[in-house]
Structures are given as structure tokens and as C-alpha cells.
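K.L.:
Throw the hints in and build the complete structure from the sequences for me.
Here my numbering is used: the first residue of the sequence shown is 579, the next is one more, and so on.
Rather than coming from a laboratory, the hints here were simulated on the basis of the structure. The structure displayed is predicted, hence computed values, not measured ones. Check the hints yourself; a few may be wrong.
To be verified - No farther apart than 16 angstroms at their CA atoms in a straight line, the calculated lysine to aspartate or glutamate pairs in the EDC-like style are these:
1) LYS711 <-> ASP670
2) LYS688 <-> ASP898
3) LYS688 <-> GLU725
4) LYS734 <-> ASP710
5) LYS711 <-> ASP673
6) LYS734 <-> ASP708
7) LYS720 <-> ASP743
8) LYS734 <-> ASP774
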Amino acid sequence: MNLDSLTISETQNNSSSITGKSDDSVYWSVAEIQSLLDTPFNDLIYRAQCIHRQHHDANGVQLSTLISVKTGGCPEDCGYCPQAARYHTGVDNQDMLSLEEVVSAAAAAKANGASRFCMGAAWRGPKQRDMDKMTEMVRAVKSLGMETCATLGLLKPGQAQQLGDAGLDYYNHNLDTAPEFYEEIITTRQYQDRLDTLQQVRNAGINVCCGGIVGMGETRLSRAGLIAQLANLNPYPESVPINHLVQVQGTPLYGTAALDPLEFVRTIAAARITMPKAMVRLSAGRQEMSDAVQALCFLAGANSIFYGDKLLTTGNPESDRDRALLDKLGLHTL
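P.N.:
Here it is in C-alpha cells:
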């Protein structure tokens, strides 16, 4: 099939030919996804945009805001994370925010246009006393009319159900990278630990938010392996955050060779093609991206961003800059 000969409307009627798949639940091999990533750039973006238009508002972007409700002091050794207690990054161990502080931040985020409020905590996993506070926060934010999301680390049996009973809409737990590259980044937890937590979230009836980080020194093959892991979850995540490594001095990955921005765009496109109905989110690393690169990401199928001044402990484009970019591109919020 000659892609150049097809109009957008024609591609919508020939999705199986364009994607190579006729069912969004079908298995994707790593080799197939690497082949996608190897596709000439224009063809790859065209395919991703066609798939995007079949399932989503082509000019709509969902806004989420992320707050750290418990910062620093994490016992894990994730090589990218400034909140790990073992690294000297200038991030101090802080107590959990109060309910009032969280609700105030959520109300401000809603006033600024965010429809989802995500609460993150620097733990290996929550203790029961933490769960009592988190469920209270979930209920309070939910009462504002916002979607709720939490990222709290590994969950013990029964904890996902507690969050679900409190009204949690999404639980974020990223796979970070491909299984083969995982031990280069983290040694204090296993890949299966992450998969087990995701299964608990599914069993509790909570939507899954799960993605990864690129630019950590991995190969294109490893990026294909990450996308394959995500796309082959059954079902694949409803929300897929693709993070670009934010290098923080004091972490082991500080000084890693920078990823070519177009390689990041290719990763967004592969996520869109293999997970057509998911919300694909531009997450960490947007502060370092030019407007042009972000525009290409939207063209490649990204339709969600973290919105606000801060992402946990690292910077995020200011709200005014985000609004200006969306206006420039003619994009509206969902």
C-alpha cells in the first residue's frame, strides 16, 4: 500500500492495512515494534496520526496536574530519581502533606483547567497508616469533580481495593524500561513486582496508568521492548505516560548522553500505533523540549500532558507557556 496515495478518510477505512493489526488487543512482538521505530519518519508519523484520528479528538489534549504528597527519603535505588535517600540531590525528606494542602492544590489545578489530579509519594510502598490518609485525600479530591490518580509504589494485597473503594480512578505504576535493561536502572525491586502491582490495580477495577522513561542510555531495541511490554498488557493501559529522562545532579544517570528529540517523537508514535485507544501523555522532560518537538509529539499521537509548574521534584513548563503553545497549535483541552 502506498501511504502517500491515501487521504485521511481513506486511512480510517483501512486501519488494519496501515497498522499491520486489525485488533487492538493482538500481540505485538519486540521485532514488530522495532520495525515501526525504524520506519521512515514521515511514514511513521502519518501512520500514527491516522490511528490517532480513528480513536480520539485530533485536536484535543487532556490536562493532568501532579503533586508530591510525600517527598524524598525513598529507600529504592532508581538511577533516575532525585528522591532516593541514598543520592545527594538536594531533595529533603519531607512529611506527608495535610489534607487541606492537597485539596487546596487540587482546587487550584481544576481552576487552571486540569481535569485529573495525580498524587505521588516517595515510598517503596504505602503502610496502612499512609493508606488511611491517602484514601481520605482521594475522596476529598473526587468530591471536587476531578478524576483522581495516585502513584504510591508497590501495593500490598488489599491496598488497591482500598483505593478503589475510595473512588480512585487511575493508579500510576510505570514499568520504566524493557525487562532486559531494567537491572541497569533499578536493583531494589524486580520487574515482576511492578507487574504484580498492576494486576492488583486491574483486579480492583481501577484504570491503569503505566508508561516508562526514555533517554536513560537504552538502545532503540530497548525502547521497542518497553512499548511491547506496555502494549501486551491485557488490556493495555488506559493512560500511557512517556517520560524523557530529566537529569538531576547526584543521580547515577546524570551525564547520560542526551536522546535525539526525534527518537522521542518516534517512541510517542509507536505507543499510539500499538495502543490506539490509550491516552498517551507527554510527562517528565517537557521543560527541555522546544515547542516544535512538542508539536511533533502531538502530531504523533500524544493527547495528554502534565500541566503546571512542577512534576514531583523537577520542573515542568509553566502553565502560561503551555496555554500559549496549545493556542498556537489550535489545540483545545478535553
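K.L.:
The structure should be examined with respect to each hint, and the outcome stated for every one.
P.N.:
Hints, verified against the model:
1. LYS711 <-> ASP670: Roughly 21 angstroms separates the two Cα atoms, so the pair is violated.
2. LYS688 <-> ASP898: OK: LYS688 and ASP898 at ~15 angstroms, within 16 angstroms.
3. LYS688 <-> GLU725: holds, 10 angstroms
4. LYS734 <-> ASP710: holds, 14 angstroms
5. LYS711 <-> ASP673: holds, 12 angstroms
6. LYS734 <-> ASP708: Distance of about 12 angstroms is within 16 angstroms: holds.
7. LYS720 <-> ASP743: Given pair LYS720, ASP743 holds - Cα atoms ~12 angstroms apart, limit 16 angstroms.
8. LYS734 <-> ASP774: holds, 10 angstroms
In terms of the numbered hints stated before, the structure departs from hint 1 and from no other.
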